[in-house]
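The task is simple: from the sequences and hints, build the whole structure.
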Amino acid sequence: MNLTLYVWRQSGPDEPGRLEQYEAWEITPDMSFLEMLDVVNEGLIKSGKEPIAFDHDCREGICGMCSQVINGVPHGPQKKTTVCQLHMRHFKDGDTLYIEPWRSRAFPVIKDLIVDRSALDRIIQAGGYISVHTGGVPDADAVLIPKADADTAMDAAECIGCGACVAACPNGSAMLFTAAKVAHLATLPQGRVEAARRVCVMTEAMLKEGFGSCSNHYECQAVCPKGISVQFIAKLNREFIKASFKKAGSY
Amino acid sequence: MILDGKCPSGPLSEAWDNHRRQMKLVSPANKRKYKIIVVGTGLAGASAAASLGELGYNVEAFCYQDSPRRAHSIAAQGGINAAKNYPNDGDSIFRLFHDTIKGGDFRAREANVYRLAMVSNAIIDQCVAQGVPFARDYAGYLENRSFGGAQVSRTFFARGQTGQQLLLGAYAALSRQVKAGSVKLHPRMEMLDLVVVDGQAKGITARDLVTGRIYSHAADAVCLCTGGYANVFYLSTNAMGSNVTAAYRAYKKGAFFANPCYTQIHPTCIPVTGDHQSKLTLMSESLRNDGRVWVPKIRGDNRAPHEIPEEERDYYLERKYPGFGNLAPRDIASRAAKEVCDEGRGVGVSGRGVCLDFSGAIGRLGEETIRGRYGNLFDMYEKITNENAYRQPMRIYPAPHYAMGGLWVDYNLQSTVPGLFVLGEANFSDHGANRLGASALMQGLADGYFIIPSTIADYLGRTEPGRVSTGNEAFIRSVEECETSIRRLLAIGGKKTVNEFHRELGSIMWEHVGMARSKEGLTKALSLIPALRTEFWENVRIPGGEAGLNQELEKAGRVADFLEFGELLARDALHRNESCGGHFRVDFQTPEGEALRDDANFCYVAAWEFRGAEKQPELHKEELDFENVRLCERCYK
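Just so you know, the protein sequences line up as chains S and G, in that order.
Everything in the first sequence is counted per the numbering used here, starting at 1 for the first residue and increasing by one.
Everything in the second sequence is counted per the numbering used here, starting at 1001 for the first residue and increasing by one.
Among the clues, some could well be false.
What the hints assert, rightly or not - Here are the simulated lysine-lysine pairs, DSSO-like style, with alpha carbons at most 30 Å apart:
| # | chain 1 | residue 1 | chain 2 | residue 2 |
| --- | --- | --- | --- | --- |
| 1 | S | Lys-49 | G | Lys-1495 |
| 2 | S | Lys-242 | G | Lys-1496 |
| 3 | S | Lys-46 | G | Lys-1179 |
To be verified - Here are a few chain G residues that sit away from chain S, every Cβ distance over 12 Å (derived from the structure):
| # | residue |
| --- | --- |
| 4 | Leu-1012 |
| 5 | Glu-1054 |
| 6 | Asp-1125 |
| 7 | Glu-1310 |
| 8 | Tyr-1315 |
| 9 | Gln-1392 |
| 10 | Lys-1496 |
| 11 | Trp-1510 |
Hint data in this document are derived by calculation from the structure and do not stem from the laboratory.
Cβ atoms here follow ideal geometry from the backbone N, Cα and C, with glycine treated the same way.
See the structure below:
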């Protein structure tokens, strides 16, 4: 099949960007979306043009590196699917596609479709961990964890940190990302000890990075390739309110 | 040169403790004076950087991805082994050690493997303490499953995303050290060279992938945790960016490369659909716990699988290996799949595929149970193939997956260049000629959390900190060399893209240096690869310049190294006149078509020394002694 693409091209963070038109010819349904872009890029290189820069790595939907808005939807039209796992059979011959980078104040564009998501790393660095040293820990079965809790923690921990939630949110909020980590750790007994402190410092870091707040649009959940539930945002809010009742400075 | 593995003497079970007792320590006040560079942030790199930072060393961690959390360890699905024996099914440290030695076809060091089995339990404890949400039963205890050819249930798992959860645990520990100020992160930075001063590793040269600038980084020791080289085959289950560059450039600076021919072809991947294919996707081999592998009995049978009656199916793994059946180790299962497809009995349009059938398990346990166990894998399969594996068998085919070979290291994980340590998949040490399922995660974390923190101190304790700065001429020369090489690449202005060269290299490697190797094929590869390399340096086309982000330039540097490394791999495969594990030579097989080892002549580690661009590398041997397990035929019947 043949498609028309409008792709965001921007040579650097401070340069103006624009949508440029490309034709993608002889695309087969078995190709992944990124393989379709590979084909376009090979053509561009051969004709002496600069290929489209885009982030990608594992191409199996788990590293979280790929990040494209397709026709206005982060990761494109298929539910619970990263761009790299989206296949061309979900498009028709003659389709026109608009391909853009993640759009958010906290994610400055580096080049074309590549953005800087280090703000998400800094939220984790603020406190998205259990402060345990290597070695000297109890046996893995010393603290039992109810299966339901372990499963809930896993549901939250599946976040791949791609940032689609931010790109989809009208407020550019990273609440789903932050909530997923807060909920994952707060649901486990090992993570409870620091739960109050963690939710406060992570929320603070999130706001400092320029992410907005949640106003219940649920766009994040709709585009999340791992289907992380907005219920975790409720959990984040509960944890935050609980923490605020603790004496100031006690966390 | 005599290669000394520096394995401690005495009984295996006490060796590691005795060794640790004898090693030097660095006092807490002095640790911060030592700078350690860690390259790569997968399980080995992230756990090493976190643990070394915690101890108080001054750590700088590098990765080419935009975040340390994206390293390809994240994609490991199945699980991580440990000798906890929670299920009471007869497991022990010795049994895990024995299985790993045997699984590696008796081509790994006993002392290293025993230590790996010993620390395996501590890894699980550590991960649980970090908040890794392993699967648990209704009483709240950890669950185990049998995995990849093990007869005990020793594999811990977090749904089909164990690697992700373990890496996020290590990434969290790393992030904590970043916050504490003991680790400095350098994402989107690629190591281009190792800097050696007076015979000791003193730093690296790295390119900032965003600005294109090349920087020198000096340190007192360097840890390479840069993963494996399966992308030398072009199509593999590795991430697109996975490469051999850091390891290969260290090899060119004096680190020996050990057993490059030991590559693992994983039996359960989604088959290739066409020339556009950019990578192959693994389906966790845990699927083989409930799926049965078969092909039609007659060749060219192109009926749909469900139309082929039971008596016309050949469940070839169950037939040939009744003891292990569908759980036969990876190398054996892969070769068997190739064999039946070579006979013309493969399924799918390309004929390069076998059925992995869940109908029996669904009938016995119900679809819900199967969904609970493998739901995410079935979903992924459907996304890629548009087929529903609850209704029809999956089609699978082997694909390059893991590199057992890697830079040679001694028991302390130190390479032949003092001060250069190599961890995880990037080293050669623990898996011999074949890696068992769920052992890679174990090794990466063992090296990073528990081995390197002890062994690096022994080296640093004998080294004066901060002795070399980036003003040293070795750094300046290294930067110049890297810049020259980049400018040379950009100046070629040829006609073919980097991908075209990589694809051609891949097809040479897959055809002649893949699952079934022969003297003729390998000799042919050894003439084809240099010719392709020559063409690459004359005819590759790289758009853009050296400044700024240039993904084609990044790829070109990696492919240039693969074009040299592929030759080393083929040379090693040609020299090893035996079959063992992932290295199968058709000219060395038993009458039944099984691997024929030659312990009298090849029971050694082959470590190759770089002798110059146009010269042949020199082979050094480290003899392997087996005192605790008996060398025997690796039989899974």
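List in ascending order the numbers of the hints, as given earlier, that are violated by the structure.
Of the numbered hints given earlier, those the structure breaks are 2, 3, 5, 6 and 10, listed in rising order.
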